[in-house]
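Residue numbers (UniProt numbering), protein chains in the order written: chain B, 1 to 311; chain C, 1 to 316; chain E, 1 to 491.
Since the hints were made in silico from the structure, they are not lab data.
Treat the hints with care, as some may be off.
Stated by the list, open to error - Taking lysine-lysine and the BS3-like style, the derived pairs with C-alpha atoms no more than 27 Å apart in a straight line are:
{"hint": "1", "chain 1": "E", "residue 1": "K189", "chain 2": "C", "residue 2": "K157"}
{"hint": "2", "chain 1": "C", "residue 1": "K279", "chain 2": "E", "residue 2": "K188"}
{"hint": "3", "chain 1": "E", "residue 1": "K490", "chain 2": "E", "residue 2": "K439"}
{"hint": "4", "chain 1": "E", "residue 1": "K35", "chain 2": "E", "residue 2": "K348"}
{"hint": "5", "chain 1": "E", "residue 1": "K136", "chain 2": "E", "residue 2": "K336"}
{"hint": "6", "chain 1": "C", "residue 1": "K279", "chain 2": "E", "residue 2": "K336"}
{"hint": "7", "chain 1": "C", "residue 1": "K157", "chain 2": "E", "residue 2": "K261"}
{"hint": "8", "chain 1": "B", "residue 1": "K120", "chain 2": "C", "residue 2": "K279"}
{"hint": "9", "chain 1": "C", "residue 1": "K263", "chain 2": "E", "residue 2": "K243"}
{"hint": "10", "chain 1": "B", "residue 1": "K127", "chain 2": "C", "residue 2": "K22"}
{"hint": "11", "chain 1": "B", "residue 1": "K28", "chain 2": "C", "residue 2": "K220"}
{"hint": "12", "chain 1": "E", "residue 1": "K402", "chain 2": "E", "residue 2": "K362"}
{"hint": "13", "chain 1": "E", "residue 1": "K336", "chain 2": "E", "residue 2": "K56"}
{"hint": "14", "chain 1": "E", "residue 1": "K439", "chain 2": "C", "residue 2": "K263"}
{"hint": "15", "chain 1": "E", "residue 1": "K118", "chain 2": "E", "residue 2": "K439"}
{"hint": "16", "chain 1": "E", "residue 1": "K326", "chain 2": "E", "residue 2": "K118"}
{"hint": "17", "chain 1": "B", "residue 1": "K192", "chain 2": "C", "residue 2": "K22"}
{"hint": "18", "chain 1": "C", "residue 1": "K279", "chain 2": "E", "residue 2": "K56"}
{"hint": "19", "chain 1": "E", "residue 1": "K362", "chain 2": "E", "residue 2": "K67"}
{"hint": "20", "chain 1": "B", "residue 1": "K120", "chain 2": "C", "residue 2": "K309"}
{"hint": "21", "chain 1": "E", "residue 1": "K118", "chain 2": "C", "residue 2": "K279"}
{"hint": "22", "chain 1": "E", "residue 1": "K124", "chain 2": "C", "residue 2": "K279"}
{"hint": "23", "chain 1": "C", "residue 1": "K279", "chain 2": "E", "residue 2": "K469"}
{"hint": "24", "chain 1": "E", "residue 1": "K261", "chain 2": "C", "residue 2": "K263"}
{"hint": "25", "chain 1": "E", "residue 1": "K124", "chain 2": "E", "residue 2": "K326"}
{"hint": "26", "chain 1": "C", "residue 1": "K263", "chain 2": "E", "residue 2": "K235"}
{"hint": "27", "chain 1": "E", "residue 1": "K469", "chain 2": "C", "residue 2": "K263"}
{"hint": "28", "chain 1": "C", "residue 1": "K77", "chain 2": "E", "residue 2": "K469"}
{"hint": "29", "chain 1": "E", "residue 1": "K235", "chain 2": "E", "residue 2": "K402"}
{"hint": "30", "chain 1": "E", "residue 1": "K348", "chain 2": "E", "residue 2": "K56"}
{"hint": "31", "chain 1": "E", "residue 1": "K439", "chain 2": "C", "residue 2": "K77"}
{"hint": "32", "chain 1": "E", "residue 1": "K309", "chain 2": "E", "residue 2": "K235"}
{"hint": "33", "chain 1": "E", "residue 1": "K362", "chain 2": "E", "residue 2": "K372"}
{"hint": "34", "chain 1": "E", "residue 1": "K471", "chain 2": "C", "residue 2": "K263"}
{"hint": "35", "chain 1": "C", "residue 1": "K77", "chain 2": "E", "residue 2": "K471"}
{"hint": "36", "chain 1": "C", "residue 1": "K157", "chain 2": "E", "residue 2": "K186"}
{"hint": "37", "chain 1": "E", "residue 1": "K235", "chain 2": "E", "residue 2": "K183"}
{"hint": "38", "chain 1": "E", "residue 1": "K188", "chain 2": "E", "residue 2": "K296"}
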Amino acid sequence: MNSLTTQTPVPPRRKRRSKGIRRSWPEKLFDVCNYALFALIGLSTLLPFVNLLAKSLSSEEAVFAGRVGLLPIDLQFGTYRYVLEDEAFMGALRVSVLLTVLGTACSLLVTTLTAYPLSKPRLVGRKWLLLLFIFTMLFGGGLIPTYLLMHNLHLVNTLSVLFLPSMVNVFNMLVIKNYFEGLPDSLEESAKLDGAGHIRILLFIYLPLSLPVLATIALFFAVAFWNDYFNAMIYISNPSLKPLQLFLKELLVSSSDFLRNATMNPDQALNTAPQSIQAASIILATVPILVVYPFLQKYFVKGVLVGSVKE
Amino acid sequence: MTDGNPNAAIAPRPNRRSVWNKIRADRELYLLLLPGLAALLLFKYTPMYGILIAFKDYNIFDGMGGSPWVGMDNFRKLFESEDFLLVLRNTIEISLLKLVFLFPLPIIAAILLNELRLMAFRRTVQTVIYLPHFLSWIIISGLFIDLLSINGGLVNKLLGQFGIEPIPFFLSNDYFRGVLVTTAGWKETGWSTIVYLAAFSTIDPGLYEAARMDGAGRWKQIRHITLPGISPIIVLMLILRLGSLFTADTEQILAMYNSTVYKSSDIIGTYVYRMGLGKQEYSFTTAVGLFESVIGFILIVSGNYLSRKYLRRGIW
Amino acid sequence: MFRKIAALSLAGALTLSLAACGGNSGNESGSDSDKPELKMLMQYGRFEPNDDYAAKAISRLTGYPVKYDMLPAEEADQKLNLLVANKEPYDLMKLSAPQFYSLASSGALEPLDDLLGKVGPNIKKSIQDASWESAKMDGHIYGIPETGSGIAVSEELAVRQDWLDELNLQMPTNPDELYTVLKTIKEKKNVIPLTASKDAVSSLLGDIAAAFGVTTDWVDQNGTLVHQVETPQMKEYLAYMNKLYTEGLLDAELPLNTSSKMMEKFANGQAAMFKIAWYNAPSAINSLAKNDPNAKVSLVPFLKGEGGKATVFAASGTTWYAVVPKYSKHKEDAVKLLDAKLSPDIFKELAIGQEGVHHEVKDGKYYPILPKFNDDLNNASSYMTGVDETNYPTYWQARVRKDPTLQSYFEQMQANAEGLIVTDPIALAPPIPQVAENKLNLLQLQLDEMLNFITGTEPLSAYDSFVAKWKEQGGAEMTEGTNEWYKNSKS
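Use the sequences and the hints to build the structure in full.
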């Protein structure tokens, strides 16, 4: 470890003005506007969720008539009890958590491993390798051949079909590669002088310096796995392997679709989910993934690279 | 900051022996590349033969072998359909509108967020503005229909205060594109700032301090330190964004449009969706997808070329 | 050394994670009786199909262990084709009419004629000849048709009776009177006089359209079937609706209204009239009552047309098909299961449960025992694979008696519609290829254009060019196919 540890980054210094400098009035005005702007934007994005929350806590009669705004009417908690006691919901939640954790871990690992070599300009064939990857961002074989492949690999109706194929995400790989390219070449050179191989350089020098981008990409992966319903819709038929977003999607789609086709299937129309339950399900399906962000947030507000290497 | 530009591109072509030596020297790098490359080849390239479906009259029960070749018929069907020119124009126009108005937004938002000094406020705002990313278009559509309703919607009530007649935003070919762009911005801007916020961490705070010593104001600091600092990621995002210039977010438009605004908002994706309802037109949809992909690929390659030429950086 | 070890361990970790990622779920254990476990693919429903009471009752009563998978709510056709093309092991499937046509015509389904003769006596008894016609292709039976709960009217215009009383308005009986009523409401109450939804062509049709003579998809004109879009009545109807729309009597946001939005506007007192479906009556009426305790709602008797006669369209025909895929390994057992489910006693229990536990009989009518009936049998109809066509309409009405509002709206609608019902001439036709192929996208085109004509986005003078477009996009082909069957069926 010896020689490597000396190069770990020093804690970044906070950007902060020294007290002696007074701000000019245009700067103050800018600050006021900026705070006001973000307060407004923040409200506009928050209010729909407050509305959903209020709906989920209101009586169905009030929700049905569109009377619920930002506060619940006829406060009740029965909807949450209903959703949390619903075996299908809880089962789907377990599948989603497992999928998100496994998927993010596998994908982050493989994507980072791929990005590192491709960030080295001297790598022979780099241009063609990159094109090989980027090509798949636009071109694909389509659903039928892909389904056939999964079928032949015996992946249909397994959890793995939901994350193995998306293990290399080219977009995310390019973002990491881009970040790695921004790290000074001298990092690698000095480590090599110390006799470190690429795996050590990646693990002990690049990764600690790349926490912001890794946190970002981890978030991208986690959210993508959490939000994915399409793959599950196609590759999963076993109801006990359905992830949460598919469950939610069907809850919302089915109520509108059944109403549309109800003349032929009145029984199904009778069984659509009340809107208050739909709202509670959306809230319960969104909160777990929202919690991830504040944890990752701390990694990308600081200047990590500061002072690690003087070029 | 180092520039990602390799000198290798300018260097004279090395002979085979030295290429081999280079590969040998970097064999560890290739080893690292292996799992990703293997997954790519297996999951993305093995099914790639499916592109041929575009040139067949494909029937899923007959399979690839059993379905007859039809050459360019599926493409002809697309290009010759009555509404093709309209939907093509709409696609490009809506996409360009979104590119022009929405691409810079997250960058501006990220920079402004960075100027917020109250950490608690800043973190809260960051967390809150990415919330809409988690709402589906169906829900957002319902939300904005209510908000912009001519029947007691908040916006028209406000306009009424100024004596403006209610505007049927969702039913007017003049306003509907504005609704599309605004809602897309509302949904994704917060989410898209994340990648730029992460990029700020690569900038050395010492640079700002030095600039302040020289008496540079905020605007100067943004122009000369922040923007150059995150320019690599901006360029990357822009080039990749070019690839989807021919797809204007079908899911959003499907959830929001209605027949009275087809004239201004029917795009390739929604048109093909309606025409294919109840049919399993694998070949036609594959052909349309292939058409979009080819254009997207050309745009990405040219974008990269231009970026290399004028900005001296690119994806490859 | 370190490098190699690190490289190896990384590669190892990766293989491990791949293997862990790729771990398959275990196989189902085979059953030990002579009745094999059957696997059935059902349509989407909002419940866990293997835990439901109905699933357990089926296994208990027939002796067959059955495992259920569901199609997704969206992209169901796409998924079904992938499953069948890759021969995913199902022994039974419940299909919609277009799905049935698509699989039967591609040769993926087992013809059931022989098996029905051998092991299907109950099935043959339960289903009437007319229904069997709908499941035949080229003279062979490819599925068990499920006709549902009998012919019933499901929607009728509803109006705020308290407002009619307040304004001294009579209940309208024809389109002209309706116009006057709507106009008065608009002037005096400043609410949306009539609201509607844009969800489907059927939500734009109904009472008013019927008064103009637009009811069924197909109309017999001198022995030839003509589609409703080609009739002059459709144009007259659209002209009337356009008048309502431009004068502000019909909801200006019609092209945006989902059915829940439409009901919301009625329930919160923003709208005076809408077309209510009996199955939505409890939520709509209860919500309105809570919002405005003085509100009173009446059904508007079906409007009379020019001849002074009202007509009502009622959906009928085969909704679902139970089929056996050709590659199934348990074809005979599959049909045996279907047959057992249709033996009279078992069918009754699967439909309305046990007497004294799930239902009771009063004056010869079946009434549900709540909440047991709901808890156990809410999803029972999703498991059905053909019905006892003589008795099911009677059994089924127990479902309507779960709630007094539900029951009263259902019964009043049926009473209002008595003697006025018309059904589609092709309701019991077997799947007609040209119809199966073109129906959905033509319905979308029709819906879009009807909305455009009603809202005035396009002038009615452009109607003929819409019909031309409709014909070109498959309408002509569909008309031809329909008439081909119609002529043969009559000869």
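Item to check | Structure versus earlier hints - violations, ascending order | outcome: 2, 6, 8, 15, 18, 19, 21, 22, 29
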